[in-house]
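Colleague: Listed below are the residues making up each chain.
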Amino acid sequence: MNDMTPIKTTLKDWETDQEVRWCPGCGDYAILKAVQRVLPEIGADPAKTVFVSGIGCSSRFPYYVESYGFHTIHGRAPAFATGLKLANPELDVWLVTGDGDGMSIGGNHTMHVLRRNLNTQILLFNNEIYGLTKGQYSPTSRMGTVSPTTPLGSVDRPASPCAFALGAGGRFIARAYDVSKELPAVLKAAHAHQGAAFVEIFQNCIVYNKDVFADFTEKAGAAMGQLWLAHGEPLLFNKGTKGIALDTETLSLKVVDVVDGDWQAAGVRVHDVKNRAMAHLLVEMPFGPFPMALGVIYDDPRPTFEAAVIEERARASAGKTANLAKLLSKGQTWTVE
Amino acid sequence: MATVLESEPEGHTGGSEHAPVPEAVVVRFAGDSGDGMQLTGGQFTLSTALAGNDLATFPDFPAEIRAPQGTLFGVSAFQINFGSTEIDTAGDAPDVLVAMNPAALKTNVGALKAGGLIIADTGEFNKRNLEKAKYDVSPLEDGSLEKWQVLAFDISALTLEAVKPFGLGNKEALRCKNMWTLGLALWMFDRDRQPLIDWLKGKFAKMPVLADANIAALNAGHAYGETAELSGPLKQYHLAPAESEPGLYRTVTGAEAISYGLVAGAQLAGLELFFGGYPITPASAILHNLARLKEFGVTTFQAEDEIAAIAAAIGASYGGHLGVTSSSGPGIALKGEAMGLAIMTELPLVIVNSQRGGPSTGLPTKTEQSDLYQAVYGRNGDAPMPVIAARSPSDAFECAIEACRLAVQYMTPVMLLTDGYIANAAEPWKVPDPASFTPFPVTFLEEPNGPDGAVLPYARDEKGARPWIKAGTPGLMHRIGGIEKNPGTGNIDYSPASHQTMTDARKGKIDGIAASIPAQEVTLGEAGGKLALVGWGSTYGPIHQAVRRARRKGLDVSQIHVRHVWPLPENLGELLKSYEMVLVPEMNTGQFKTVLRDQYLVDAKPLNKTSGQPFTIAEIEAAIAAALA
Numbered sequence: 275m276n277d278m279t280p281i282k283t284t285l286k287d288w289e290t291d292q293e294v295r296w297c298p299g300c301g302d303y304a305i306l307k308a309v310q311r312v313l314p315e316i317g318a319d320p321a322k323t324v325f326v327s328g329i330g331c332s333s334r335f336p337y338y339v340e341s342y343g344f345h346t347i348h349g350r351a352p353a354f355a356t357g358l359k360l361a362n363p364e365l366d367v368w369l370v371t372g373d374g375d376g377m378s379i380g381g382n383h384t385m386h387v388l389r390r391n392l393n394t395q396i397l398l399f400n401n402e403i404y405g406l407t408k409g410q411y412s413p414t415s416r417m418g419t420v421s422p423t424t425p426l427g428s429v430d431r432p433a434s435p436c437a438f439a440l441g442a443g444g445r446f447i448a449r450a451y452d453v454s455k456e457l458p459a460v461l462k463a464a465h466a467h468q469g470a471a472f473v474e475i476f477q478n479c480i481v482y483n484k485d486v487f488a489d490f491t492e493k494a495g496a497a498m499g500q501l502w503l504a505h506g507e508p509l510l511f512n513k514g515t516k517g518i519a520l521d522t523e524t525l526s527l528k529v530v531d532v533v534d535g536d537w538q539a540a541g542v543r544v545h546d547v548k549n550r551a552m553a554h555l556l557v558e559m560p561f562g563p564f565p566m567a568l569g570v571i572y573d574d575p576r577p578t579f580e581a582a583v584i585e586e587r588a589r590a591s592a593g594k595t596a597n598l599a600k601l602l603s604k605g606q607t608w609t610v611e
Numbered sequence: 055m056a057t058v059l060e061s062e063p064e065g066h067t068g069g070s071e072h073a074p075v076p077e078a079v080v081v082r083f084a085g086d087s088g089d090g091m092q093l094t095g096g097q098f099t100l101s102t103a104l105a106g107n108d109l110a111t112f113p114d115f116p117a118e119i120r121a122p123q124g125t126l127f128g129v130s131a132f133q134i135n136f137g138s139t140e141i142d143t144a145g146d147a148p149d150v151l152v153a154m155n156p157a158a159l160k161t162n163v164g165a166l167k168a169g170g171l172i173i174a175d176t177g178e179f180n181k182r183n184l185e186k187a188k189y190d191v192s193p194l195e196d197g198s199l200e201k202w203q204v205l206a207f208d209i210s211a212l213t214l215e216a217v218k219p220f221g222l223g224n225k226e227a228l229r230c231k232n233m234w235t236l237g238l239a240l241w242m243f244d245r246d247r248q249p250l251i252d253w254l255k256g257k258f259a260k261m262p263v264l265a266d267a268n269i270a271a272l273n274a275g276h277a278y279g280e281t282a283e284l285s286g287p288l289k290q291y292h293l294a295p296a297e298s299e300p301g302l303y304r305t306v307t308g309a310e311a312i313s314y315g316l317v318a319g320a321q322l323a324g325l326e327l328f329f330g331g332y333p334i335t336p337a338s339a340i341l342h343n344l345a346r347l348k349e350f351g352v353t354t355f356q357a358e359d360e361i362a363a364i365a366a367a368i369g370a371s372y373g374g375h376l377g378v379t380s381s382s383g384p385g386i387a388l389k390g391e392a393m394g395l396a397i398m399t400e401l402p403l404v405i406v407n408s409q410r411g412g413p414s415t416g417l418p419t420k421t422e423q424s425d426l427y428q429a430v431y432g433r434n435g436d437a438p439m440p441v442i443a444a445r446s447p448s449d450a451f452e453c454a455i456e457a458c459r460l461a462v463q464y465m466t467p468v469m470l471l472t473d474g475y476i477a478n479a480a481e482p483w484k485v486p487d488p489a490s491f492t493p494f495p496v497t498f499l500e501e502p503n504g505p506d507g508a509v510l511p512y513a514r515d516e517k518g519a520r521p522w523i524k525a526g527t528p529g530l531m532h533r534i535g536g537i538e539k540n541p542g543t544g545n546i547d548y549s550p551a552s553h554q555t556m557t558d559a560r561k562g563k564i565d566g567i568a569a570s571i572p573a574q575e576v577t578l579g580e581a582g583g584k585l586a587l588v589g590w591g592s593t594y595g596p597i598h599q600a601v602r603r604a605r606r607k608g609l610d611v612s613q614i615h616v617r618h619v620w621p622l623p624e625n626l627g628e629l630l631k632s633y634e635m636v637l638v639p640e641m642n643t644g645q646f647k648t649v650l651r652d653q654y655l656v657d658a659k660p661l662n663k664t665s666g667q668p669f670t671i672a673e674i675e676a677a678i679a680a681a682l683a
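First to last, the protein sequences are chains A and B. Throughout, our numbering is defined as the position within the first sequence, counted from one, plus 274. Throughout, our numbering is defined as the position within the second sequence, counted from one, plus 54.
Treat the hints with care, since some could be wrong.
[Unchecked claim] No more than 35 Å apart at the CA atoms, straight line, and that leaves these computed lysine-lysine pairs for DSBU-like: (1) B:K484 - A:K594; (2) B:K484 - A:K600; (3) B:K186 - B:K201.
[Stated by the list, open to error] Ranges of calculated distance between the beta carbons of each label pair, as one might list FRET restraints: (4) B:P528 - A:E293: 25 to 33 Å; (5) A:K548 - B:G566: 53 to 61 Å; (6) A:M417 - B:D565: 47 to 55 Å; (7) B:N434 - A:A466: 57 to 65 Å; (8) B:N434 - A:A494: 46 to 54 Å.
If you are wondering where the hints come from, they were derived from the structure by calculation, not from laboratory data. Quick caveat: nothing in here was measured; it's all calculated off a predicted structure. C-beta: ideal position from N, C-alpha, C; glycine also.
Given only the sequences and the hints, what does the whole structure look like? Please build it.
Modeller: Structure (structure tokens):
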């Protein structure tokens with residue numbers, strides 16, 4: 275996010291005249307609405323807001339938000355955003371990417387934008403499939419995923435976007451899913467973070483990978499399947515009857531039963547968004563034996579890339595004048611009469 | 055012509071053929087890549103420039119940073135051609151070869167003129183080094199160097215002796231060998247040592263003992279020349295300064311000139327410069343130079359890869375900076391898709407391609423002009439883009455400014471072609487006055503430009519260019535991208551009519567640039583005649599000298615050197631048709647020749663060289679003679 279004077283807008287102000295062309299029922303609609311709801315709430319200025327995307331279903335996003343928008347090339351959105359932000363640091367830049375765009379062809383740029391800590395919000399829509407190219411398995415698809423390119427099921431292990439982002443040096447890691455009512459709050463927290471804020475949003479591709487997250491997003495599995503994290507609050511789920519504790523022998527997490535609400539007695543951990551070691555454990559928690567960790571997993575800002583570049587430029591320029599004629603005649607010269 | 059020789063050898067590097075005083079000399083320093091030959095050459099170049107000679111240089115070094123010592127592939131060489139007349143090439147065959155070890159001798163002696171002088175360090179001609187250079191017997195002793203004059207003495211020992219008072223270790227002491235050799239060379243050509251002494255003092259300011267040792271070695275080499283003059287082939291020679299226009303001069307390499315030109319271009323446009331780069335030989339030098347010019351509003355960004363480098367530059371252009379990226383062939387290939395996006399979104403961008411031998415990794419440190427097709431045609435879709443080629447280090451300055459002008463006035467990426475030879479070579483440069491260039495200030499769109507307050511990012515001006523809207527401008531929010539768009543609003547629109555209109559518009563805009571560039575002039579000679587030699591890029595020097603010599607012999611040949619490779623100047627077709635024959639010398643297999651044949655249906659003939667080395671004047675002279683025979 276950027277510090278700027280709040281602007282009064284409504285959700286309507288953030289809608290463009292363009293017809294939204296996602297498949298009916300696509301999770302992207304819910305994410306678009308959540309973003310358009312959050313932008314007025316944070317006082318964003320449409321003229322100072324830029325959505326930058328790569329290629330894929332998710333990357334059509336900029337066309338539907340009434341702000342500046344740049345639909346770039348496959349996987350490279352973080353690099354475009356880096357140049358844009360260095361040219362004009364006052365812009366509030368949102369990156370919209372997907373599991374193919376951000377984790378496969380653009381994995382390198384995802385890594386470096388996080389490592390550099392460019393002040394931007396990175397929304398990675400993870401539907402575990404290539405949608406726009408008609409359903410091939412993606413780097414986040416689970417083993418055994420049957421797709422046109424893997425008719426017998428995929429054999430390679432999936433990447434975990436949040437684990438990747440944390441490993442790349444990300445200072446803000448969060449997770450949510452498309453239709454969650456918590457998504458706006460997560461987006462707001464990402465925006466409030468100074469630096470690269472990485473948000474993985476599980477998104478239901480109803481055509482090619484329908485209900486792949488239903489185990490924890492549907493009502494039946496939500497209580498056991500969702501662990502919503504809040505700073506300073508215990509890691510409880512299933513209506514407070516279960517919690518996450520640390521096995522100090524093996525340095526791993528374990529699920530414990532909480533009796534009569536006495537989570538302390540059960541050894542349940544309190545969430546600390548600045549605890550990087552715990553963040554690693556939480557993003558790696560295997561779903562099934564464990565619930566899915568959702569919400570803000572890690573949030574510990576440090577100076578941004580563009581601030582460092584600006585500071586360095588100021589330092590290098592201090593006391594110097596930009597005299598081109600002088601520059602050209604620098605060094606050893608001679609005069610011909 | 056040789057200066058240091060008793061007999062007059064064949065093959066002149068320029069000037070009046072029979073004058074007793076030679077006009078130019080070619081010296082090649084060759085040694086191990088750890089011997090500091092590039093530094094020696096660079097300092098000799100500076101001394102020569104300060105003495106008022108015109109000059110051209112050719113650094114020729116291996117791709118390996120520190121190749122195993124003494125090996126044939128580890129030889130690094132630096133050639134300089136200097137004289138009292140106009141010098142356009144680094145010279146065909148050296149008059150003098152300084153060989154610091156057997157490998158340097160073996161790989162370079164073949165180029166030496168008959169009767170030329172070899173200066174060799176016998177201290178390095180030991181059994182081990184001879185074996186590494188694949189000599190059974192020392193060439194200094196077996197008579198195999200008979201057609202040259204050989205001056206062999208133990209430079210290593212003489213250097214060790216000279217620096218003895220400074221108590222350096224053997225290895226460090228021997229590092230001063232190049233300064234000893236340079237001292238001798240400075241004596242041979244009557245050069246002032248003082249600028250070099252000042253430079254050494256500056257360079258080793260923190261280690262004065264090294265400065266003193268190097269200066270002692272330099273002085274010892276110089277003194278050796280003075281005492282050795284009495285006997286043997288070593289002679290001192292004084293070349294008169296070259297005649298040049300009055301003014302302030304310095305030496306400049308292509309990489310420096312491009313860096314300065316980009317800064318000047320951005321200033322003339324009234325913009326800040328954003329340079330995204332990724333390390334690659336030989337293009338990195340531009341990034342190095344610009345990284346030190348932050349006070350000129352320059353932001354440099356070393357990206358994670360070539361694609362990110364151009365992407366960031368395009369992002370910066372979207373934010374209102376002048377985006378620039380630079381690379382060499384393999385990196386340019388990676389940038390292709392992003393260039394297409396810059397063409398599609400119509401954002402200004404300058405792409406500098408320092409060409410090297412290809413394909414693939416090819417010859418990283420050697421020169422070639424084989425990326426012309428890539429520059430003109432090398433993108434998916436109908437993706438027209440202007441291409442400019444610099445002909446020399448000093449010309450690169452103006453070319454960089456011109457690239458910036460076209461980029462911002464036509465809202466387009468522009469490719470500036472240079473090559474490894476231009477990037478690394480140095481020549482004297484009359485320092486230009488930045489005020490003498492016409493500014494081309496950019497006007498960003500600040501208000502809606504359509505009816506009823508509509509924003510039309512793809513409306514067009516009389517040149518066919520769209521408005522430049524800086525992201526962040528109030529009231530002008532819009533979306534751009536790589537999908538085909540509506541001709542006015544820029545909204546996604548891949549209807550047949552829209553794609554036809556936009557394809558035509560993109561092509562028409564670039565074609566229209568031909569009207570804004572100067573008409574093609576005959577570089578040397580007359581319009582019309584028997585033979586025209588048409589060149590582009592760094593072949594300028596050898597073509598120019600070859601045509602000059604041929605014309606002096608009365609041959610009907612002219613030189614046409616093209617800067618604007620795409621689109622071509624409007625009159626070029628007619629001009630070419632005014633000659634009976636058109637010959638196109640290129641360091642590739644005939645790329646520009648094909649473009650000319652395609653554009654004008656002229657019977658352009660190729661003259662090609664792809665050895666990683668520039669053309670010699672003699673090669674082009676021979677081709678002229680053959681064509682006119």
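Colleague: Look at each hint and say if it fits the structure.
Modeller: Results for each hint:
1. B:K484 - A:K594: Holds: B:K484 and A:K594 sit about 25 Å apart, inside 35 Å.
2. B:K484 - A:K600: holds (14 Å)
3. B:K186 - B:K201: Satisfied, since the Cα-Cα distance of roughly 24 Å is no more than 35 Å.
4. B:P528 - A:E293: 25 to 33 Å: holds (26 Å)
5. A:K548 - B:G566: 53 to 61 Å: Given range 53 to 61 Å: holds, Cβ gap about 58 Å.
6. A:M417 - B:D565: 47 to 55 Å: Cβ of A:M417 to Cβ of B:D565: about 54 Å, so the range 47 to 55 Å holds.
7. B:N434 - A:A466: 57 to 65 Å: About 41 Å separates the Cβ atoms of B:N434 and A:A466, which means 57 to 65 Å is violated.
8. B:N434 - A:A494: 46 to 54 Å: Holds: the Cβ-Cβ distance is about 48 Å, inside 46 to 54 Å.
Violated hint for the displayed structure: number 7, the only one.
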